[in-house]
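Chains as they are written, first to last, in the working numbering: chain A, 15 to 192; chain B, 15 to 192.
Careful: at least some of the hints might be erroneous.
Where chains are identical, the list cannot tell them apart; a pair therefore holds if satisfied intra-copy or between any two copies.
Computed list of lysine-lysine pairs in DSSO-like fashion (alpha-carbon distance at most 27 angstroms, straight line) [to be verified]:
#	residue 1	residue 2
1	Lys81	Lys147
2	Lys17	Lys157
3	Lys192	Lys106
4	Lys147	Lys24
5	Lys17	Lys81
6	Lys147	Lys17
7	Lys165	Lys192
8	Lys165	Lys106
9	Lys81	Lys157
10	Lys165	Lys81
11	Lys192	Lys17
12	Lys147	Lys192
If you are wondering where the hints come from, they were derived from the structure by calculation, not from laboratory data.
There are 2 protein chains.
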Amino acid sequence: MAKRAYPLAKVYGLLEPGPVVLVATQHRGRANVMPMSWYTMMEFEPPLVGCVVSNRDYSFAALRSTKECVIAIPTVQIAAQVVGCGNTTGRKLDKFARFGLTPLPASRVSAPLVAECYANLECRLVDARMAQKYNFFVLQVLKAWIDPARKRPRTIHHMGRGVFMVAGRTLRLPSRMK
Amino acid sequence: MAKRAYPLAKVYGLLEPGPVVLVATQHRGRANVMPMSWYTMMEFEPPLVGCVVSNRDYSFAALRSTKECVIAIPTVQIAAQVVGCGNTTGRKLDKFARFGLTPLPASRVSAPLVAECYANLECRLVDARMAQKYNFFVLQVLKAWIDPARKRPRTIHHMGRGVFMVAGRTLRLPSRMK
């Protein structure tokens, strides 16, 4: 990934379409990564992202303890690796090594960037009040990176049970919405 | 819309890919409808949906007061109407009439279904504790409807500033994820 800093004010446009993302964490000397689809933008700037990370997931404790993660956005080229990360648990496995993903140092958090993803968002946990009841966390994006060489990233969107919609054509309409 | 009841356990598969949806409300004798992209699944069953409805939107008061809404999922065929609903406010306009959308009676809520959408989810507001700070509402889906004739609905996914990604091909991978 050739990475370039991406304006925080534009981050919502990466997540609002709803692609599957990877959540990377670093906890007790080990990096881990899991796919996630249950998230939403909550504020434009600073960008806030609300997300559900199940308390059955190994990443739950890492996120809660370290209060940091990276949200990385994969494309269809690595869809099989993304599914592999969902089929396995970081308790027993180094998923980066197993699935040929490359952790890169981030600038603001100890969790790693994922080199094979076209965008990476360094995040800090800012509100865990809904974690107990809903496994819901509010993250603030501190720093965003994008691969400027990837003009039309074909993101994947989970429809359940391993069926994914691959991003198709784009359409421009005269909208006054941000 | 030829509508058929849709299992609540499968609702997550409609929303998890992240399409733009319409939120329909009924308040003080008036129906209204607005587009929304900032939402996430929060639980499989009963299906819980977390969503951000800005307190600048006319729908905010309707949702907060009536504690009911319908989430309707449009396809690219009515993308221009969806954008129209976002460019205008229900304070001054009957958007259903203006944009040629047809309100239909729902079964569990007073908010209307949107006939032109391929799926409609009748929702009740179950948690507004994050409404003050984040404009964030937790909805429970009480009843779901789908148009069984629409086999490959081309949903639209907002990338910001009126640019939409239209759902492309589907891909099936050997996933153990729900």
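Verification of the supplied hints:
1. Lys81 - Lys147: Classified as both; 18 angstroms inside a copy, 20 angstroms across copies.
2. Lys17 - Lys157: within (12 angstroms within a copy, 45 angstroms between copies)
3. Lys192 - Lys106: Classified as between; 21 angstroms across copies, 43 angstroms inside a copy.
4. Lys147 - Lys24: between (31 angstroms within a copy, 22 angstroms between copies)
5. Lys17 - Lys81: within (24 angstroms within a copy, 45 angstroms between copies)
6. Lys147 - Lys17: Answer is neither: 37 angstroms inside a copy and 34 angstroms across each miss the 27 angstroms cutoff.
7. Lys165 - Lys192: Result: close within a single copy only, 21 angstroms intra versus 31 angstroms inter.
8. Lys165 - Lys106: neither (36 angstroms within a copy, 40 angstroms between copies)
9. Lys81 - Lys157: Within one copy only: 15 angstroms inside, 37 angstroms across.
10. Lys165 - Lys81: Result: close neither inside a copy nor across copies, 32 angstroms intra and 42 angstroms inter.
11. Lys192 - Lys17: within (25 angstroms within a copy, 33 angstroms between copies)
12. Lys147 - Lys192: For lysine 147 and lysine 192, the Cα distance is within 27 angstroms only across copies (21 angstroms; inside one copy 32 angstroms).
Hint violations for this structure: numbers 6, 8, 10, all remaining hints satisfied.
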